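A.B. asks: Chain by chain, the residues:
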Amino acid sequence: EADIYQTPRYLVIGTGKKITLECSQTMGHDKMYWYQQDPGMELHLIHYSYGVNSTEKGDLSSESTVSRIRTEHFPLTLESARPSHTSQYLCASSGSVRNQPQHFGDGTRLSIL
Amino acid sequence: AQKITQTQPGMFVQEKEAVTLDCTYDTSDPSYGLFWYKQPSSGEMIFLIYQGSYDQQNATEGRYSLNFQKARKSANLVISASQLGDSAMYFCAMRVNDMRFGAGTRLTVKP
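Protein chains in written order, with the working numbering: chain W, 196 to 308; chain S, -17 to 93.
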């Protein structure tokens, strides 16, 4: 069973606040990912990391930032939340072999008022 | 470039019947993996089934099977004996180096 955890599960917060979404995995995976997804819609890759101190922007431009100081931890930060950031954020990790799936956390549903 | 296409935004199936969800892909790399995920309304992504590009036989996992037609670059998911709990979004994905996801198909199982 995959072990990847996201907190919080739900967050409702006001405009202008700084937000950090947590993601941790215990599988020792080098590769980690953040996706943004509106309800019932496709996943958009916003950030990824291939290892410690390695981070890259994904296909969808995002005002968020990420860090990867430890292998198991890949937090996502919004410095000043806006209503347009309202969405679900999914964190995933995978090993390096092509037959390995990405394992997902349960997601964070973010609502900015 | 890698591309995954799911052309069915929504599908309906009667409970206990089988349903096929379509997925086509495009890549010039001969080595790749194909995956299907289920996303219920609660939002989590659940890995269902995997097919490798060199696998000779179609993958099966319980009521899920993958109809892999390499020459046509298709990897359709077949769900047999549909259950009400199968109602969800289903995403096809391909991995060469990183994963690429299709737009998804919303499956509704009718009682």
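If you're looking for bench data, these hints aren't it; they were derived computationally from the structure. Honestly, I wouldn't trust all of these hints.
[What the hints assert, rightly or not] DSS-like, lysine-lysine: derived pairs with alpha carbons at most 30 Å apart:
#	chain 1	residue 1	chain 2	residue 2
1	W	226	S	-2
2	W	226	S	-15
3	W	252	W	213
4	S	-2	S	55
[Stated by the list, open to error] Over 10 Å on every C-beta distance to chain S, these chain W residues come out as not near it, computed from the model:
#	residue
5	207
6	208
7	211
8	258
9	259
10	260
11	268
12	297
[Claimed, not checked] If you want the ones that stay clear, here's a sample from chain W, every Cβ over 12 Å from chain S, calculated:
#	residue
13	265
14	273
15	293
Quantities reported herein were computed from a predicted structural model and do not represent experimental measurements. We put the CB at the ideal spot given by N, CA and C, even for glycine.
A.B. asks: Hint by hint, note whether the structure agrees.
C.D. replies: Do the hints match the structure? See the list:
no., hint, result
1, 226(W) x -2(S), "violated (39 Å)"
2, 226(W) x -15(S), "holds (21 Å)"
3, 252(W) x 213(W), "holds (20 Å)"
4, -2(S) x 55(S), "holds (29 Å)"
5, 207, "holds (15 Å)"
6, 208, "holds (18 Å)"
7, 211, "holds (26 Å)"
8, 258, "holds (22 Å)"
9, 259, "holds (18 Å)"
10, 260, "holds (20 Å)"
11, 268, "holds (20 Å)"
12, 297, "violated (5 Å)"
13, 265, "holds (21 Å)"
14, 273, "holds (19 Å)"
15, 293, "violated (5 Å)"
Going through the hint list in order, the structure does not satisfy hints 1, 12 and 15.
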